[in-house]
Structure formats: C-alpha cells, structure tokens
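**Q** Produce the complete structure using the sequences and hints provided.
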Amino acid sequence: MLSILIPVYAYDVRPLVYDLHQQAQALAVPWEILLLDDASPPAWQHLNQSLGELAGVTYHELPQNSGRAAIRNTLARQAQYDYLLFMDCDSGVAAPAYLNRYLQALLPETVLCGGRTYQATPPPPPFYLHWWYGCQREVKSARERSQAPYAGFMTNNFVVPRTRFLAIGLDERLRQYGHEDTLFGLQLQQAGIPILHLDNPLLHLGLEPAAEWLQKQRQAIDNLYELYLLYPALQTRALVAWRRLHRSGLLRWGYPWLQRQARRWEKQLVEQPKPALHLLDMLKLVWLEAAHRRKYRGYVES
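Residue numbering for the sequence shown follows this note's numbering, starting at 4 and increasing by one per position.
A portion of the hints provided could be inaccurate.
Claimed, not checked - What follows is a set of in silico ranges between Cβ atoms, one per label pair, in the way DEER data are often shown:
#	residue 1	residue 2	range
1	W256	D202	42 to 48 Å
2	Q193	R140	22 to 28 Å
3	Q25	W256	56 to 62 Å
As the list claims (entries may be wrong) - SDA-like cross-link-like pairs, simulated, lysine to any residue; straight-line CA separation at most 20 Å:
#	residue 1	residue 2
4	K270	Q220
5	K270	M285
6	K298	L201
It is worth saying that the hints were derived from the structure and are not from the lab. Built from N, CA and C at the ideal position, the CB exists for glycine as well.
**A** Below, the structure is given as structure tokens:
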C-alpha cells in the first residue's frame with residue numbers, strides 16, 4: 004500500500020526513520036521504508052547503515068552521486084507499493100499520526116501534499132536567515148496552499164500514486180540544486196493530476212549557515228533560469244517579476260546599479276539580526292538577469 008522513500012545524503016537519518024518505523028508498525032496496511040544513500044562520505048554512511056536491520060526497512064548506497072532528481076526516480080522504480088511517500092532526509096516527524104493522516108486521505112490519481120514547518124525556537128545566529136525565510140515564506144496552511152495548488156510545489160513531503168510518478172518522473176538532466184520540484188508541479192498541472200493539500204507537515208531540520216544557504220539560493224536561481232529556457236510555461240514569483248522588468252527595459256539601464264548593490268544586500272542578509280527578506284527578492288532579480296546575460300553574451304533582448 005505505502006512505500007516511504009527517503010533519499011539520503013550526508014545526514015543522520017536515524018531519528019527520522021525510528022519515528023516513521025514506530026508509526027508504520029501500527030498501520031493496518033502493508034508498508035516499506037526505502038533508504039538510498041547518494042554516495043555520502045563514509046562517516047555518514049556508517050551512521051545510517053544499521054537502519055537496514057529494522058524490519059521493513061531497506062538501506063542501500065549508490066557508488067557515485069546521481070543527483071536530486073535521479074535518486075528519487077530510482078527509489079520510485081524500486082518501490083513495491085501503489086503509493087509513494089517522498090520526504091527529505093533532513094526532516095523530522097511533527098505528529099504521532101503523521102502516516103495515518105496520509106492513509107486516511109488517499110484518493111486515486113491524486114497527489115497529497117502535507118506541507119513544511121520549522122521549529123518554533125529561533126536557532127543560533129548563523130542559521131537564523133535560513134530559519135527566518137522558512138518560517139516567513141515556506142510555512143503555509145493547507146488552506147493557503149490550496150489557493151494556488153501547483154505553485155511552490157515541494158518534494159519534501161508528498162504522496163503520489165506510483166504509476167503517476169513513473170509516468171512523469173523528475174527531469175534527470177537537472178544535476179544542479181534547485182527548482183526540480185517547481186518543474187514537477189508544472190508537469191502535474193499539465194497532466195491534469197489533482198493536488199490535495201493537507202495540514203500534515205514535516206519539520207525541516209537541516210538548517211544551513213547564512214552565507215552557505217544564500218549561495219545555494221543563487222545556484223537555485225541559475226537552475227531556475229535554465230529550466231525556464233526548457234519550459235517557458237514555468238512560473239515563480241521571481242520569474243514573473245524578472246520577465247516584467249526585463250521586457251520593460253528597466254533592467255537594461257538599472258542592472259549596473261543593482262550589481263553594485265547586490266554585495267551590500269548579501270552582507271545585510273547574512274549579518275542582520277532580523278533579515279529583510281525583500282532584499283533577497285531583489286537579489287533574485289539580479290541573479291536572474293545575470294544568468295540571462297551569461298546565456299546571451301552581448302545581451303540579446305528576449
């Protein structure tokens with residue numbers, strides 16, 4: 004009935020799996036937990052290998068890193084049950100009835116999204132930016148997410164019929180970090196597969212230091228631009244704003260000034276006690292324009 008699929012990379016996944024295993028044992032349906040390590044450093048693999056000894060849990064390691072999309076596709080092919088529950092390895096179970104809530108909501112040909120939450124207590128200062136962004140931008144109720152059900156789709160916590168996932172899959176050309184889940188949401192919409200949003204979140208525990216997290220956001224924007232070239236129907240808030248400003252010509256004369264400001268904005272985001280997230284919004288526009296100009300040397304208007 005339910006295959007719980009967790010791609011693992013450089014993270015101690017034992018607390019998550021122990022919690023899921025305890026809940027799964029109380030279910031009245033067949034289940035399995037599949038763990039696939041994406042060539043983590045040996046020390047991390049050593050931590051997690053014992054999980055394969057738990058009943059119903061399978062643990063394997065890939066010889067080389069395959070990337071965020073390919074490893075999830077591999078897990079889906081290996082799964083034996085009709086419904087796939089995907090989650091990120093740096094997650095925490097937020098409720099004792101987490102798995103049961105999904106089972107009670109299962110519908111044929113429908114994707115279920117449980118959402119994301121963060122710990123209520125602020126983390127140490129180096130991790131505050133990541134936590135603050137998550138709390139302000141990613142934590143949304145099922146009612147809020149249902150207003151635009153395909154927008155901002157996240158692969159950290161969702162259930163999908165196995166046949167539907169295998170028919171679409173994640174684009175394995177994507178090796179760089181970022182927005183493979185945004186693309187999958189678009190593909191679900193284009194395929195007419197309904198999404199039902201639930202208040203059944205997982206905790207996001209893998210906070211990153213501000214400078215490192217900010218660099219990954221830039222990498223994600225670079226990936227978003229490449230995706231946009233392949234899939235012009237793709238839309239995010241940053242893309243919509245960039246396209247409007249780009250086509251208006253405002254970025255043509257304003258870009259040099261924005262470039263000069265970008266470093267100051269990055270510094271403020273990293274160092275401010277309560278970062279102003281509109282600065283990150285501005286940075287995303289700068290990064291998108293930079294990606295466009297790198298793609299079209301000499302700056303060709305699109």
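**Q** If a hint holds in the structure, say so; if it doesn't, say that too.
**A** Checked hints:
1. W256 to D202: 42 to 48 Å: With Cβ atoms ~46 Å apart, the hint holds.
2. Q193 to R140: 22 to 28 Å: For Q193 and R140 the Cβ distance comes to about 25 Å; the hint holds.
3. Q25 to W256: 56 to 62 Å: 60 Å, holds
4. K270 to Q220: Holds - the C-alpha atoms of Q220 and K270 are around 14 Å apart, at most 20 Å.
5. K270 to M285: 13 Å, holds
6. K298 to L201: 40 Å, violated
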